[in-house]
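Keeping the supplied structure of chain A fixed, place chain B upon it in accordance with the hints.
Here are the chains, one letter per residue:
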Amino acid sequence: MTSSEGQQHPLGIYFKIWTLLFVLSAFSYMVDYFQFEGYLRWFLIIVFMMLKAGLIVAVFMHMMWERMALVYTIIVPPLLLLVFLGIGTLEGDHTFLTRMIFFGGAE
Amino acid sequence: MTQSAQAAMAGAPLLDGTPGVIADWSSDQSAFKKTPWGKVMMWIFLLSDTFIFSCFLIAYGTVRMSTTIPWPNPSEVFALNIGGNHVPLLLIAIMTFVLITSSGTMALAVNFGYRKNRMVTFWLLLATALLGATFVGMQAFEWTKLIVDEGVRPWGNPMGAPQFGAIFFMVTGFHGTHVSIGVIFLFIMAFKVLRGKMDREEPGFMTGRKQDYGMIEIMGLYWHFVDLVWVFIFAVFYLW
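Protein chains in written order, with my numbering: chain A, 1 to 107; chain B, 1001 to 1240.
What the hints contain is simulated information worked out from the structure, not anything from laboratory work. Even glycine gets a Cβ: it sits at the ideal position worked out from N, Cα and C. Just so you know, not all the hints are guaranteed correct.
Stated by the list, open to error - Each pair of labels, with its calculated beta carbon distance range: (1) A/89 - B/1158: 26 to 32 angstroms; (2) B/1032 - A/91: 35 to 41 angstroms; (3) A/95 - B/1153: 39 to 45 angstroms; (4) A/20 - B/1180: 24 to 30 angstroms; (5) B/1017 - A/103: 55 to 61 angstroms.
Claimed, not checked - Derived BS3-like pairs (lysine-lysine); straight-line CA-CA distance at most 30 angstroms: (6) B/1116 - B/1033; (7) B/1210 - B/1033; (8) A/16 - B/1116; (9) B/1210 - B/1034; (10) B/1034 - A/16; (11) B/1197 - B/1210.
As the list claims (entries may be wrong) - Over the 12 angstroms line for every Cβ pair with chain A, so calculated as not near, a few chain B residues: (12) 1016; (13) 1023; (14) 1051; (15) 1054; (16) 1068; (17) 1078; (18) 1087; (19) 1112; (20) 1149; (21) 1238.
The following block holds chain B by itself, in its conformation from the complex:
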């Protein structure tokens, strides 16, 4: 900034009342240098989402600590029988590995996006979306098994504390919704890349702003966050 511009800013009269609020907030000061605003906004959203998931998990902890009826053993509830062998928590372990694999392909997609390698970015985004869809599919299988075979309901279950169902469906349901929304946006982003929208910097159909490969990194932040939440759910819900 030149000295004259600084002097002009220092000397400018400050407005009061509502116009002052608007003028202050829109005075074009940037706190986050060298960071695109879209990325900052995604981080702020993820911060708020962190609080939502934390509320769920802390509520779960409180409920589980306060019940006098034994909590159903997740290791047993989510076990699978493979060829007559009883393997504890197998389905959840596979889901964890699927989600981590998708996080890896997403990280690579961001990297190849910045290299402006259109086709590799497309295939990596598509792989991420398909792995995410696989995760949701396995979750649907898990829910079906629990509801139909084991008789788990939000208000009770045959294995123990009735709160188990309410907490389980709420926490995994909210996470599964995040994954599903992520999958939809991954497909949209993959086809945007395939059509070369980022290379030509075409305006987006909703925002009208120029599109670039930075969008892939923002998409990636959301996707890694979904994986991050699963790390916590896996640890405190399934392993406790």
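With the rest of the complex left out, here is chain A:
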């Protein structure tokens, strides 16, 4: 690794992203503190989660400065997880319905 080219960037961007992550975390906590419910709660949770994840990967993990070949290698495969998530949701709902039918929701 002696020939490695280090990722060298101005310090300012780290402090900006750091502050932003703090603010976004505070917002996520506020979602619970103010007891938002329903779709608004879900929307806010997912938005803050994705923003934080994106900032960490892009800046702190230097993904935005890597070559496209590496970026695609790492970012594309996890997209398949959305399919898995969909299967899990179908399965969960199905199990719930059969339990309601056969156990009447008591146990």
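Chain B alone, transformed into the frame defined by chain A:
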């Protein structure tokens, strides 16, 4: 590459069978230009870890959706009483801020490492390790509170759906293990830096390869990933 070298490669006979497999895989082609192999390997590891944590979280979602008994309210379960005030989810919020702070000090450590500023890198790595240890300590407190005071077990709990304990201990336990391993390696890395191993490019004690400040960036990738996983756990386990 010179033209003669290209011609030699094109004209070289390809081997068949097992020797062919070995020759093909070791033919010294690099897909990831200008990226140290150690960093690529860490990314590949993190990709596999992404799938492991995703399996856990999707399994959690499936289990929570399929239960007919109400799920314990995380906002209440993880609330703290501060001076008679009931503050929901306070401990988890503090843990989140501790981990984000450690991510920031880690990012700075990588930056000062590439500036070859030995002492600042050491102190930043040490701060990251101590913040990580604080996180694990708070998690130990949280587990103790849940097991001893609230009677949560992997097979049941007094608050609702019995699957709550199993999922909680598995997901946070696996994440806590990652944090603990990270803390150990942060301490090792911090003292490597302090001793000037990176400056002198001494061979590592396990690999025998020359050490440099690029190792701090690879360590950083792991640490930021641990923070990244917590972002998802915090959102879907504690806020749902």
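Cross-check of the supplied hints:
1. A/89 - B/1158: 26 to 32 angstroms: holds, 29 angstroms
2. B/1032 - A/91: 35 to 41 angstroms: Distance hint for residue 1032 of chain B, residue 91 of chain A holds at roughly 37 angstroms.
3. A/95 - B/1153: 39 to 45 angstroms: violated, 22 angstroms
4. A/20 - B/1180: 24 to 30 angstroms: The hint (24 to 30 angstroms, Cβ to Cβ) holds, given that residue 20 of chain A and residue 1180 of chain B are roughly 28 angstroms apart.
5. B/1017 - A/103: 55 to 61 angstroms: holds, 58 angstroms
6. B/1116 - B/1033: Holds, at roughly 24 angstroms.
7. B/1210 - B/1033: Satisfied, since the Cα-Cα distance of roughly 20 angstroms is no more than 30 angstroms.
8. A/16 - B/1116: holds, 23 angstroms
9. B/1210 - B/1034: Holds, at about 18 angstroms.
10. B/1034 - A/16: holds, 27 angstroms
11. B/1197 - B/1210: holds, 9 angstroms
12. 1016: holds, 29 angstroms
13. 1023: holds, 23 angstroms
14. 1051: violated, 7 angstroms
15. 1054: Given a closest Cβ separation of 5 angstroms, the condition is violated.
16. 1068: violated, 5 angstroms
17. 1078: Non-interface label on residue 1078 of chain B violated, nearest chain A Cβ at 10 angstroms vs cutoff 12 angstroms.
18. 1087: At roughly 8 angstroms from the nearest Cβ of chain A, residue 1087 of chain B sits no farther out than 12 angstroms, so the non-interface label is violated.
19. 1112: For residue 1112 of chain B, whose nearest Cβ neighbour in chain A is about 9 angstroms away, the distance does not exceed 12 angstroms, so it is violated.
20. 1149: holds, 21 angstroms
21. 1238: For residue 1238 of chain B, whose nearest Cβ neighbour in chain A is about 8 angstroms away, the distance does not exceed 12 angstroms, so it is violated.
Violated hints, in rising order: 3, 14, 15, 16, 17, 18, 19 and 21; the structure is consistent with all others.
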